[in-house]
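Each chain, letter by letter, is given below.
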Amino acid sequence: MKRKKQTKKIIFKSEKEVPLMPMSIGSMLYNKTGVWRNIRPEIDLDNCIQCGICWKFCPDVSIYIEDEWPVVDYEYCKGCGLCAEECPTKCIAMVEEEK
Amino acid sequence: MKRKKQTKKIIFKSEKEVPLMPMSIGSMLYNKTGVWRNIRPEIDLDNCIQCGICWKFCPDVSIYIEDEWPVVDYEYCKGCGLCAEECPTKCIAMVEEEK
Amino acid sequence: MKKEKKMKLSIPEQELMNSGHLACQGCGATLAMRYALKALGQKTALCIPACCWSVIDGPFPYSSLEVPIFHCAFETAASSASGLKAGLEMVGDTETTVVAWAGDGGTFDIGIQALSGAAERNDDIIYICYDNEAYMNTGIQRSSATPYGAWTTTTPVKHFKDRPKKDIVGIMAAHSIPYIATASIGYPEDLVKKIKKAKEINGTRFIHIYAPCPTGWKARPEDTIRLSRMVVQNTVFPLYEVEDGIKYILNIKPREKKPIDDYLRIQGRFRHLTEKELNYMQQEVDKRWEKLLSHVENN
Amino acid sequence: MKKEKKMKLSIPEQELMNSGHLACQGCGATLAMRYALKALGQKTALCIPACCWSVIDGPFPYSSLEVPIFHCAFETAASSASGLKAGLEMVGDTETTVVAWAGDGGTFDIGIQALSGAAERNDDIIYICYDNEAYMNTGIQRSSATPYGAWTTTTPVKHFKDRPKKDIVGIMAAHSIPYIATASIGYPEDLVKKIKKAKEINGTRFIHIYAPCPTGWKARPEDTIRLSRMVVQNTVFPLYEVEDGIKYILNIKPREKKPIDDYLRIQGRFRHLTEKELNYMQQEVDKRWEKLLSHVENN
Amino acid sequence: MRKVIMGNHALSYGAMLSRAQVIAAYPITPQTQVVELLSEMCADKTLDAKFIKVESEHSAMAACIGASLAGARTFTATSSQGLTLMHELLHWASGGRLPVVMGNINRAMAPGWSIWSDQNDSLSQRDTGWMQYYCSSNQEVIDTVIQAFKVSEMLLIPSIVVLDAFTLSHTYEVVNIPDQEKVDEYLPSFKPRIKLTPEEPHAFGGLTSPEHYFELRYKLQIDMEKAPRLIEETGKEYEKLFGRNLGLAETHRCEDADLIFITSGTMGSTAKVGVDELREEGIKAGNLRIRVFRPFPFNKVRELVKNAKKIAVVDRNISYGHHGVFYQEVKSALYTQSNGLPLFGFITGLGGRDITPSTFKEIAQYSLKKEKPDEEIVWIGVNR
Amino acid sequence: MRKVIMGNHALSYGAMLSRAQVIAAYPITPQTQVVELLSEMCADKTLDAKFIKVESEHSAMAACIGASLAGARTFTATSSQGLTLMHELLHWASGGRLPVVMGNINRAMAPGWSIWSDQNDSLSQRDTGWMQYYCSSNQEVIDTVIQAFKVSEMLLIPSIVVLDAFTLSHTYEVVNIPDQEKVDEYLPSFKPRIKLTPEEPHAFGGLTSPEHYFELRYKLQIDMEKAPRLIEETGKEYEKLFGRNLGLAETHRCEDADLIFITSGTMGSTAKVGVDELREEGIKAGNLRIRVFRPFPFNKVRELVKNAKKIAVVDRNISYGHHGVFYQEVKSALYTQSNGLPLFGFITGLGGRDITPSTFKEIAQYSLKKEKPDEEIVWIGVNR
Amino acid sequence: MVEIRFHGRGGQGTVVASKILADAISKEGNYVQAYPEFGVERRGAPVFAFIRIDNKPIFDKSRIYTPNHVVVVDPTLVEVIDITEGLKDGGWIIVNSEKKPEELNFPNKYKVATINATEIAVKHKVGTRAAPIVNTAIVGAVVKVLKLAKIDSVLEAIREDVPVKPEENMAAAKDAHESIKA
Amino acid sequence: MVEIRFHGRGGQGTVVASKILADAISKEGNYVQAYPEFGVERRGAPVFAFIRIDNKPIFDKSRIYTPNHVVVVDPTLVEVIDITEGLKDGGWIIVNSEKKPEELNFPNKYKVATINATEIAVKHKVGTRAAPIVNTAIVGAVVKVLKLAKIDSVLEAIREDVPVKPEENMAAAKDAHESIKA
Ligand SMILES: Cc1ncc(C[n+]2csc(CCOP(=O)(O)OP(=O)(O)O)c2C)c(N)n1
Ligand SMILES: Cc1ncc(C[n+]2csc(CCOP(=O)(O)OP(=O)(O)O)c2C)c(N)n1
Ligand code: SF4
Ligand code: SF4
Ligand code: SF4
Ligand code: SF4
Ligand code: SF4
Ligand code: SF4
Ligand SMILES: [Mg+2]
Ligand SMILES: [Mg+2]
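Chains as they are written, first to last, in numbering that gives the first Met the number 0: chain A, 0 to 98; chain B, 0 to 98; chain C, 0 to 298; chain D, 0 to 298; chain E, 0 to 383; chain F, 0 to 383; chain G, 0 to 181; chain H, 0 to 181.
The following block holds chain A by itself, in its conformation from the complex (with noise of 0.2 Å):
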């Protein structure tokens, strides 16, 4: 399940939008880490057996569950190559970004 979650920008037209004292009132996830990344994992399914293990160690929770698979979420995934080197089964590949 992807979370759906208010993820602008925040800009403050004047002091009297700022809040009081520094206070979070927004989500990092308007940040798309996505761009960080230089290498993509690709899982190929076929050989996945929904072992979880990908979703576990991610840390940048860039791997959810659709329909009980894995899927990476690429606007995040800064490409650590976790997943990829923790998969039992080896099916996901760490591929260069196009340039």
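The hints are simulated quantities; they were obtained by calculation from the structure and are not laboratory data.
Bear in mind the structure is a predicted one, so any value in this text is a computation, not a measurement.
Any given hint could turn out to be false.
In the BS3-like style, the derived pairs of lysine-lysine whose C-alpha atoms are separated by at most 30 Å in a straight line are [what the hints assert, rightly or not]: (1) A:K15 <-> E:K225; (2) C:K286 <-> D:K246; (3) D:K217 <-> B:K89; (4) D:K37 <-> B:K7.
Partial list, derived from the structure: chain E residues whose beta carbon lies under 8 Å from chain C [as the list claims (entries may be wrong)]: (5) T45; (6) K52; (7) S58; (8) A61; (9) C63; (10) A66; (11) H201; (12) G204; (13) T207; (14) Q364.
For each residue, glycine too, the CB sits at the ideal point set by N, CA and C.
Given the coordinates of chain A, assemble chains B, C, D, E, F, G and H with the ligands onto it according to the supplied hints.
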């Protein structure tokens, strides 16, 4: 060996005589704590076995040794009673200072 | 596409940490937080002192967590948490679990006094230290959690860290607090179990989490989990619990105790070490392991 | 007057502490200093943080000691000493023994971080804590060295101290420093021996001295030494050493382990306690004694 | 209720009557009686508060900050070394807009160790964003703690209530202890606009880039500038209920004064005696005691001195390398208006040296004999 | 030797060339490169010093104090939270008359966390008895560390050398690295008048009663008042050896200026560009960059502004509840002399908001259009 | 305004004495200010306490240098320090002593009264013979000689301020009040 | 005065590139000021570096908003962010890319040059194919196009600033310097 040391109170005539930083330049020996005493230890040397225990346990270094015998230094003795309490032969008596 | 079975989830599904945070690729500290929040649930308040996590969470006016955070002064994780807990109780909130979430520097070094004070008072907080073995947020300087032999920017290879890692668990055990546990992000199920257990106990609880830092360790991001398993298997970072400062429980006893070499080889921070030092380090690891085993037996 | 034999002196004759100081009658902290200096000799530099001793020594421009003193900030005994030692070495004085001399508050509480840091670096200092089990200089407030059950001005009888005394030796042992010892002013020869031994070792050395405070404990001044013996005989404060954080050596094993009652009865600070609490305290003492014995055996 | 109490206990009573909910404090001479009495009040439940017996002042302030962020009314007390050990966290409390109230006993800074009064400890916190009240009697101490909570909670800015070591902290005076019902009426329980709770999770104090920081700090200053008006209003309100006004400053015979002393703390009380004695001798002196130092009561001071011929600012403190702090700030306040009104700066009483009525006679003599100040600092009572 | 280095490394080189003997420091952004380079220098023996890798800034300053008391030349560096955590001990070092030299990178105080420049961290230490130098280039940083040791050791008063976060700390500039022999000639090894040694045992910092404290602190101020002259003398000496003068203040086109900016730190460098651009437009502006803030160079400032028609003091800081600190202190310095010279107080650049040449144009416009200041504070660059 | 200095030794409750006196006076609607010596107190060492009394609020917060009267709680102090320092001519010196006033031979510009507070304390079992608590008896005597307050106010004050053996202390105060002759 | 902005990704040594360039320029007696983006750098995330060059001392310490030229160390950034923001008309855009300048279709108010620094880096074995270290090659190309310094100064700078594989890096810089066509 009762120590002979400069025991004067120090008076600064002016700021010029005061050291640059707060540091000691004299000894607390100037401070005759004997006046704090309510009860005074009196040693009955006849029963003294020269064990040195009174000397050892005096918090005010007020029992010194004169040709191998313990002597109370009444200038400083505060009258805590430790020496009397610890003397194995109970040859130290704590007697009221007369008022 | 075939779909014979359900996806297997060995840890709670609920995500209280969002994507979009500012951690480096393959950050172990980030996984530690993700797992911890799965165990703690949403009725949790975090005190996070200066550390990588004060950056990872994201800048004002954003956050990547779904729980409230107090980004507190570096040295005040424990004291802020004690105050926060007292405050919440006085305003009628007795449920919320107050957690101090600090790095190794904020725990072993500048924050140890506040931690020791809270533990002595047995204040009702969970203190979690994610340990990446150096000051990472400021660019990899030595901390007292940095292991012997490691390079950091303040322990250059010419003069690498020549003191052992501070035994924080031993120190906390001496405070005889109700619960202490070590955990590794390589064993998420164990980690989640321990934090859930801690949540049910009153008083000061201390969790020490091993959390690799690819950036600071000069390691490959994809090795983060591998390192987190190796470190347990070679007993450099054993997984155990201590109850009331006396009862030691070993959680994972490796079938065969692995040598530390492979573990060190894949971390750039150890590249400069010679045989001699490696042997010395192996001996130290063995010693500490023996000591731990004896503690466990003496229960 | 007969004069058959020489006066028997079981500790060094040299006095580096003078009369005229400002300690109360029967002050244990004062005896601790007198004995320590006999062991250390004149080539010693003291860092004394805020504590009774910053008063006992006497006001500017006086001092009652024949060794140099740095009256340092309350929380900085260890860090001041580390700096002083480094400074002396850089100006060519490698002989002088640098000693941090602090009370229990300055050691267990506000000074513990600096102490932990120095120990972690294994800085070449002797840290001596004279323990009178409360903040005496400020008028008897609880410290984390205050024993369970004790009255202080911040733990009134209606709400006496309900936490155990912090196990500072256990904490320091976890830092695996070369030498740790406990001592009692009731056993001056043992105390002197240990400090002399510490003087010959390099690195961070920690000495924990039991030093009764008649004023703060509501005890009779003349009972100071008596208390200092009882506390060892009833194992409330055993005399032992720890080498490299692992090797435990018991110095005095009481022939028969005395109950704590008499010890508590002659201290006003415990007067309010009931049977129930006394029993609890006795059990705790027994437990800790057993634990210590097991440590000693496991050498 | 009429009672003879020491200044330290006046702080404790103030906190008790304000129904402080969390107290985190650490003992230090000459503040200890504050925490001792509060410990007892908590022990015998005359005060329903959590007292965190921390291991240092640094942790005391950290705990206060945490508790205040949770929305609890929070109090602490300290002095000198303890206050300065909190320094980093003082910036924190104000920047975090947390209305902690703290009592501070003015004590000279070490080294050498001193336990006696001067103002360098609290005045060297003048740039930390806390409001500062200086008291001249035990009565004022109790009253001020209560007012400080009210104003702090309106503005979400913390306050320090300052009293002199010994001359107030350990001095017994006759005090009217306000009764609880009326205090409750004056100071209802704290209802923070925002607080930390899982109900609405916010992250407080995160990394704040150059894009945002400036506005946050601008707002702090703007709000602090509202304090003088609020203090006078809440002071009048207090008078209605308790018969004692709590303003920005207290004047004694200033109306027709040629020479006005600007003072603070207990010397501001002793100065009245000095003024009366000078008046006996036919010298038209007056005393302006600054009660609120932060925010600096610019307009109040400007208005009160405008008819004077000369001003003598008396500092029990010094900003080394500049002047006495009050002297410096009064000059700053009067620069734009004053048409050359002569201001003299006196420093006296450091480290607890006594300040007596005759101190003010000496100051008057000097000020009257000189046309205008020709020394940067005039030292009174230094043994030269 | 000509080298392109960052401001942080300029501090490290300064300490190395000064042959610091004991260094105790703790890392903090944006200071880390200072300690990193010093660690390497100690590791490869290019610097023969003991580097104590303490567990906090508080212990860093404590260790520096201990080392300095032993007679060793002592250095540390920090920033913002770290500097403020040292606060209690800053009072200690000055009161103990210990000539420690410290580098501080100006960084805005949390909360919220900031790593960017403003002066509140160092200026809120203005009452601690330390001398303070503000630098505007990496060259000045190196030179100032060396001079600071010389002056501090003459007066036995510690010094802070201040540089802006990033705009100096992380900015690479071309620098001439003085050669060691000449530095040794300029700055011989430290020979303390008194030090802690068992040879002559003294107790330092003992309890100091009201009978004695005042005189000790009087002497500190009197000695600090000698600094301006010494700084100018040692600055000229430095010029003889290295061709660069190090004075109390630097002026740019002030001689005939109608409007003088009073600035500090890197903005004092950018201001020159602003001045030149204003001159292009026919506006007679000038810039007075205050280099030494403590002790405050009263006479220098008085002398340099006397022909101006208007003064615009620019603060990258604020004393909440009063004004910008420089504004406040300049007013204090000019009060007695000025015959109503209009002083405007501007606050800008808090939390690292950029200060550019056009910032000064904006300030000039405001100052020129107004007769006299009618706002307590003029905010520049706040998004209102 | 009346200013009084108390001389005692650490541990004798000299400060408490001044506090009790202050309470008694305040009860009768007058203003008082009482403060201890500003320093570290040690059992046995000489200590001071001060009190100012007036019928209007007291603004002077400076120390007392020239008291109108002095009260000596511990007779042995008379040998140790000059208890008349700064004492105004014609002032009272009230001493806890078994001796008669004239036996103490103070300069006769002072009025002298003695009260055997130790005896009274022992008699009423306040404190021990070794360490009698004399301060309540002293106050009882002082208010009589200096006409500062009614004995009932003192008794009330004692009831409030003295947690241990209040009755005995009140009895001691009363006893001293009656027995002292000025 | 010339102002240049570098675009790269965390971990690509963009800041080092600006530092090397600064050194090279300084060696020829000119003044430079180089600074990184003021913030937290993360591997992979877009980063900036800035440099000011002049023949007289540089007093302006403000940020660079309108550079004369931009250098793009990582081609993929062109899609991600607007690298021409604030770029002065007629300024150079120097991109590390295998493509030809015209293929990048930038507005033609800018001059564009490309250099396949990745290729060159790999060829000279600086870094790996996965993570080539392109910064030295870039600098070699930049000084040529912008005529900021002689290649020898660049090589000297590399020798001083680059601890690992200095020779290879120098070769790469030289190679790029020669192969780039402006
Ligand atoms: C008083 C103070 N000193 C120094 C710093 C700078 N600082 C911020 S985070 C940090 C290191 C944190 O290390 P650690 O706790 O291990 O967390 P990590 O960054 O490694 O995750 C330091 C030194 C600070 N913020 N406050
Ligand atoms: C920062 C700081 N906080 C508080 C104090 C006040 N203070 C001085 S000594 C002391 C208690 C010391 O207790 P301990 O270390 O046990 O020594 P003791 O007085 O019992 O001998 C305290 C709280 C201080 N000087 N500095
Ligand atoms: S780890 Fe591999 S096998 Fe397991 S779910 Fe993910 S892709 Fe499928
Ligand atoms: S590559 Fe890393 S970030 Fe991307 S999905 Fe896999 S684990 Fe997550
Ligand atoms: S203790 Fe007693 S027996 Fe021993 S030396 Fe002293 S007086 Fe003599
Ligand atoms: S009574 Fe106490 S002070 Fe006097 S000599 Fe005996 S032990 Fe020493
Ligand atoms: S530096 Fe290390 S700990 Fe910090 S965010 Fe990056 S990977 Fe995580
Ligand atoms: S209070 Fe206790 S420790 Fe302090 S001097 Fe008196 S007896 Fe000694
Ligand atoms: Mg870390
Ligand atoms: Mg103690």
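For each hint, the structure was consulted:
At most 30 Å may separate the alpha-carbon atoms for a hinted pair to count; A:K15 and E:K225 meet this at roughly 16 Å. For the hint linking C:K286 to D:K246, the alpha-carbon distance of about 13 Å falls within 30 Å, and the restraint holds. For the given pair, D:K217 sits about 25 Å from B:K89 by alpha-carbon distance, which is consistent with the 30 Å threshold. As the CA atoms of D:K37 and B:K7 are separated by approximately 26 Å, the hinted pair is consistent with the 30 Å bound.
Look at E:T45: its Cβ only gets to about 16 Å from chain C, farther than 8 Å, so that hint breaks. Contact between E:K52 and chain C, as hinted, is supported at the beta carbon level, the nearest pair being about 7 Å apart and thus within 8 Å. Here the hint on E:S58 is kept, as its CB sits about 4 Å from the closest CB of chain C, short of 8 Å. The interface hint given for E:A61 is met, as the beta carbon of that residue sits about 4 Å from the closest beta carbon of chain C, less than 8 Å.
Interface hint status for E:C63: upheld, as the beta-carbon distance to the closest one in chain C is roughly 6 Å, under 8 Å. Hint status for E:A66 relative to chain C: holds, with the closest Cβ pair at about 3 Å, below 8 Å. Contact between E:H201 and chain C, as hinted, is supported at the beta carbon level, the nearest pair being about 6 Å apart and thus within 8 Å. Interface hint at E:G204: satisfied, since its Cβ lies 4 Å from the closest Cβ of chain C, which is below the 8 Å cut-off.
For E:T207, the interface hint holds, since its Cβ comes within 8 Å of a Cβ in chain C; the closest pair sits about 4 Å apart. Against a cut-off of 8 Å between C-beta atoms, the interface hint on E:Q364 is violated, since the closest Cβ of chain C lies about 50 Å away.
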